[in-house]
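Trainee: Listed below, chain by chain, are the residues.
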Amino acid sequence: MKKPKNTQKLRLLNERSITKNSSPEEKPGWYVQRQLIMKCVVCALIAGSIQVMNPVSAKAVDIQSAGKSISQQSKVVSGTIKDQKGESLIGVNIVEKGTSNGTITDLDGRFSISVSPGATLIVTYVGYVPQTIPLGEKNSLSIILKEDSKGLEEVVVVGYGTQKRVNLTGAVEQVTSEVFDNRPMANVTQGLQGAVPNLNISLADGKPTRTSGFNVRGTTSIGQGGSALVLIDGVEGDPSMLNPNDIASVSVLKDAASAAIYGARGAFGVVLITTKNPNKERTSVTYNGNFSMKSPTVVPDMVSDSYQYATMFKDAYSSFYDYAREPSTIHKAVPFTQDWYNTLASHRPGSGLPDVETDAKGNYLYYANTDWYDLLYKDQTLSTDHNVTIQGGSDKADFMISGRYYGQEGLFAYNSDDYDMYNIRAKGSAQIFPWLKAENNMEFSQMNYHNPLTVADGNVWYGLESEAQPMSPMFNPDGTLTMAAAYSVGDLWYGKNGTDTDRRVLRNTTSFTASFLDKALRIKGDLTFRNTDRSEDTRRVQVPYSSKVGVISYLGSSTNDFSVEDGTTKYLATNIYGEYEKTFMDAHYFKGMIGYNYEQSIYEYLQTRRNGLIFEDAENINMANGSGIKLASSYEKWRIAGGFFRLNYAFRDRYLLEVNGRMDGSTKFPTNEQWAFFPSVSVGWRISEEPFWHVNKNLFTDMKIRASYGSLGNGNVGSYAYRELFRISQMGRLINGTLKQKTSLPTIVPDGLTWETATTANVGLDFGSLNGRLRFSGDAYIRKTTDMFTVGKALPAVYGADVPKGNYADMTTRGWELSLSWHDNFTLANKPFNYDIRFTLADYTSKIDKYNNPEKNLGSYYEGMTVGEIWGYETEGFFTSAEDIANHASQKLYYASNSGTWLPGDIKFKDLNDDNVIDYGTNKVGDPGDRKVIGNTTPRYTYSFNVGGDWNGIFFSAFFQGVGKQDWWPGNDNALFWGQYNRPYNNIPKSMIGEIWSEENPNTYFPRYRGYVALQGTRELSVTQTKYLQNVAYLRLKNLQVGYNIPKNILAATKMQAARVYLSAENIFCWSPLHKHTKNFDVTNIYGEDAEAKDVASDGGTNSIISNGGQSYSYPLLKSISLGLSVTF
Amino acid sequence: MKKVLYGILSLAFLFACDMEELPKSQISAKPVFGTETGLEMYTNSFYEVFPATTSRYTSSYYIAVNQVVKYLTENGFSAEESSGWNWGTLRNINYFITNCTDESVPQATRNNYLGVARFFRAYFYFDMMKRFGDLPWINHPLDVNDPLLNSGRDARTLVVDSIKADLDFAIANIKTAKDPTCSTITSTVAAAMKSRVCLWEGTYRKYHTEAGLQASANQWLQEAADAAQIVMNAGYSIYTGAGVANSYRKLFISKTPISSEVLYAVTFDNTMGVVHSSNRQWTSVTFGSCPSLVRPFVNTYLMLDGTPFTNQTDYATKSFPQECVNRDNRLAQTVRTPGFTRITGGTTVKTAPNYAYAITGYQTCKFTLDDTQFDNVDICDNNVILFRYAEVLLNYAEAKAELGSLTDADWAKTVGALRARAGITGGISSKPVAVDPYLKSTFFPDVSNPEILEIRRERGIELSFEGFEWSDVCRWKLGSSLTRDWEGIYIPEFEVPYDMNGDGTLDVCFTKNLTPANKVPGVYYLYVGEKLANGAKNNSQIAADGHTLVYMKDQKRTWNDKLYFYPIPANDLVMNPNLGQNKGWD
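For the protein sequence lines, the chains are X and G, in the order given. The first sequence runs 1 to 1129 under my numbering. The second sequence runs 1130 to 1715 under my numbering.
Hint data in this document are derived by calculation from the structure and do not stem from the laboratory. Just so it is clear, the structure is predicted and the values come from calculations on it, not from any experiment. Just so you know, even glycine gets a beta-carbon here, dropped at the ideal spot from N, CA and C. A few of these clues could be false.
[Claimed, not checked] Quick list of the computed label-pair ranges, beta carbon to beta carbon: (1) 564(X) - 1366(G): 57 to 63 Å; (2) 1444(G) - 1001(X): 51 to 57 Å; (3) 620(X) - 1290(G): 58 to 64 Å; (4) 971(X) - 1370(G): 37 to 43 Å; (5) 632(X) - 1672(G): 56 to 62 Å; (6) 527(X) - 1217(G): 33 to 39 Å; (7) 564(X) - 1389(G): 30 to 36 Å; (8) 971(X) - 1454(G): 49 to 55 Å; (9) 620(X) - 1648(G): 52 to 58 Å; (10) 886(X) - 1475(G): 57 to 63 Å; (11) 434(X) - 1152(G): 26 to 32 Å; (12) 887(X) - 1673(G): 32 to 38 Å; (13) 615(X) - 1147(G): 41 to 47 Å; (14) 620(X) - 1238(G): 53 to 59 Å.
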């Protein structure tokens, strides 16, 4: 019988199962019979999957192409193909070299083929080493294929070491560099999205600098929160500064047992990124490069016909004021008069009339039809990626140097956000003595980004939504900016406002490995330092514009200033650990590891800002001369120390046991709570290695059941959370003409502070099937996060401060993830066609078990709550008549107009509790009024689907990922969704046209046209309700690539060893139910927001929308098409 | 093996013996309370409670706004919608008062800062008391088990006594009497505050007879007068430096507080980036609620000779340009009248009221900076006055008048001085002896004392839009006056464009046609018909006399005496039922 690719060789056991040692003749009758049936089944399956149309027969199937004539001198060669154990292999490919002539073996491993004399046969089979056999004079062949041990020996990176996949007992998933291959990406985080089930990465927006915390397996803690610990080559690091080409593998430790070795910081999973090691076999130089065209996945499509816009504006405005008021301005930039409106009617697009006229007083009157988003973005922007790797070595020493430049031109048409990233890595090792090896791994990265600002509103998208209406053009006839432009794109055109960010990481790890006792005892140590510097220079100057001929005004508050921010993190880490491995009596395998880890980090930050720039192009704070000077600084230092151990025991490779423990100490806790011990245990049962396991290896090649349990503390606490500290900051008010320092009430000291604990129980099942073509790995887990550091029981307001926090809350997260892969090959046109398919699916939900909310007040967590739930009203429909309104339950708490008058076409909420009033009861779970749970924000059933293949040097792959179920409430002040229902002067999504209620067209998606009703809390569309809750499930084609490996015989003429060209497309397609109602959002980051704008707001920013999170006013995600080349010399 | 283990253990010990890290950019209690710098730094945080806007008007008998006043709509307000039961400010102050005990700072110095803290506690409690009445009196930062958290409310009288005690301490212990920058709390500011509080309490006790506290009213009025006297002895004066036409408004549009009159102002400086956005609130139709004076109140602005405007037989039918002639100069410095100018792009431009904003025809200009560049961006840096001498003088005069001890000399240095600044020539040196029947019948029918009537006239005019409106209504028990229709200017003829600011161009036309024909370019056509095209009621209509503009006539406001105090928010009552609900709200 053939062996599957991934079955582990039984290295430690001499015992063989009865089937393995028996020759077919010795097999019992029942067995032979079953074998035959199995073979038929398997062949049928294979045949089906490779679409061989010929019926399976006992004879060899000749699938040579019809167009190919066989030469008359051809001879017939036949033979058998077996594995090393003498078992016949079914379906092996045999191809005559240089032709498309080929066949496969039959059920008994036999084949027969007509070939020309002196031909060479190429024999290939999944999981086995291919063979090339010159025929010579032979007419019959007996071929033995060797298993390809690469698949069998697959090792997975785990904490402080590696583990063979078959011996894993925890929940660990690993992906290799293939995830990043041939993909143009600004940073690694963006490339990892969707690659590993239940590794959840949500990027706030599409900025090239954007990165995010890595979440493993869902909601971690509602107290301190927490992301997965990300380690690069064993030491904490920032993946966004890493060269994607340097990555060999990314391993995700999901359960407590596998993460326990990292103690407190591994409470919510660990992501281990391992960089490539030098290839010592030969010295080589590899160049990878690609050129990409990028553009936004979504550009909001807004009405640009000004007359249509103004007509709707007028309607939205006056309807909110009970049709009792006419607008006098369209917000700030453009006055509204009846005469202007009438004139606008004649300036429809295509009229040929001028965009700008002036009135008697010289004020500009605007009649343009501007598509502002078209002005904002380039149609296409370019990025280039160049990567060179030089490597080589000998038995004694090896080296690798890699360098990368990635440059992405900004997306904005003006003052664009250019991004550059440089990476250098130098890695080398030397075998100093036979027992001692030293290694050094140095890395330097630099990232530069220019983030343009708009000084009026802080965020260009918000400025555009609030001021840039279509009737305003960008420029006045004299070339000055219009006011609308100055609020939005014009500021970028002026080109003087922005932040230049410069980030540098310099990191060096020096390590040694000493081996004793015939390598049974190994001691490893390493020391890493890493300096991370971030500096930001921000310039804000006023933007000139004109609303009246010859009169220049300025926008941009008093911001005529320059600010310099510098943050430095000095980080030091060291590990020393010893490992001892031995097998006793050929049955008992032991491995023990014990180690010590110490880390410290010092962060220092200084910000200086001064106003009064002496000229507007100043590029240094020295050019500021004003009296408004701001200084702020901060400092943080933490240290952790940990001692850890791991014990592995295996009995005959059947029963696997692993015990981990770590004693952790952290400066973030009070003295009596500084140290804690976190143990974990995991077991595995390789049921397929049992003597009684008689299941046919074709059906189940191998099978393992795993279980683990462990408990980890969450050390993700603010460094000084338990101390009573007085913050000092500069006042925003003048006293005696100066901005003095102030301090106030210290932070409320928590009611005790101890570790939050995450306890995870995990069960897993792995099996291979159909000769290892199919592999399944699945895990289910329960994670209880207890003693979460949350607010105490609500206190009466006279307390006067946030209720002190304490370790009060508990939560349970339940989830599962699975991955299913299939890989195989078949022959197409006499060439092997290899393909693989991988599907992953993951899900989780979290429930609150304990929370200090005994009354179960809504708006806070409560016991029994499913995290993410959305409460809202049920939308019954629109009112149809005055009678309908009069007969309906009172909606007096809510408004559709300024006076609270309801009219037909307004929203009608369902009176769920039949009390004849629409209200929220006492706002408790038990008395929610007319509300109920209408949805949940948690992404459910996150999945990915990857299909790849190669044939004759051509390769392709497609990577889809998505979310199966998730809800989204568009929220207040979201102009891109609500258009003028939000503010009457907002732009109108084109998709809204035809979906607005009117007496003639009452069955629409949106209600009676009214402004301001989606703006604030008690307005009809601000109220969370079923009708406008969006289903944001999606399917995205994340990456599609096709390429060609240029054959060696063509390359032979050059000095090249390998060369590859490819086309790769990113984010080119997305399907979502959301698109039925709006196409203005990229559903994949629907919960995203502009983080920089949020920072501006927290720094005393200028408008409410951004301080509310700035959702929907953010940098778009990008799609791209790139052409790449990779050559190796 | 053992060696390695020992090695590891000793290394562990080496690194791990001390796991304490101290923050360097934050400090502990010792340097805060043990140094004068620390005390000053802490008290600086109290200043951030002061408002940073000139837009601080409240509901009043003389202000119309473009929104339905929900509070004054029948059953329009409930405990569920109530708010303001916020105590964070107090905790910050009490924490300071409790911990300011470090004897390494001299007692007098500590008392100075304690005086400032207690001023701010009084300021906080006064606002809370005016809003909710009875309150828990809390004088220390509560811990989570403090019984006060769940106790009931103390009587309002205990609260005001405590406020007064805090202010007395502040007056006695704050070392500085006068701050030329007008940016710190001085003992004189505390005295001004005390006169404000005591006047409120004295008049409240006098007019709210249902509270049964009339007997003690005079005691409070006397304290109000005495506290005002402290300020009057401190060397302040009414500013007249810019002449009768400009002095009054210059106070409010000036960047540097005019320190001869201003006791305390929140100050701003554009060059330092410390600014506010008030101009926008006084000019934008969509931002803010277009507060505009009602005509009956405009009628109370005296003629320059000191006689009532309403003494003229034809006063009721005067058009807007006509009625603005020869009036108290504060009218032209409070609303846009003919001759009003603004600056656009460096040029001075005569500017008419914006009739989309001026819902009664009277558009406020008291706090509006002249240059239109301030309208749309947040770059205003005119001072926001919170305590000024004029108010203290009015407090003094009112307290004395209520006590019956107002003299001609008192009158001359208080109301007389204010009227003189406004260019009024008559009646400024001796107290009034005759009742103005229009003033009495229109606003204060229950008041027969001509001194009190005139002081109220003066207070309304002098302090308009400065945030005293609601508080005055409450203490004078004038709630029902808020239900009057919001009347505006008199319109002699409809369908006729008018030049309202005398610049020779036509500004506005009041029309009863939904689609007026032959419109004159540049003229704002204000539709004043009863109904809109869709049958809805129009906001701008004409009163029964057929000529007077009236705003939101169909939106009736009602009064109920329970409204003098807000209800305790329902959620807070759920948290602590012992608070009890205010009368009429349960």
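Trainee: What are the numbers of the hints that this structure violates, sorted from low to high?
Mentor: Failing hints, ascending: 1, 4, 6, 7, 11, 13 and 14.
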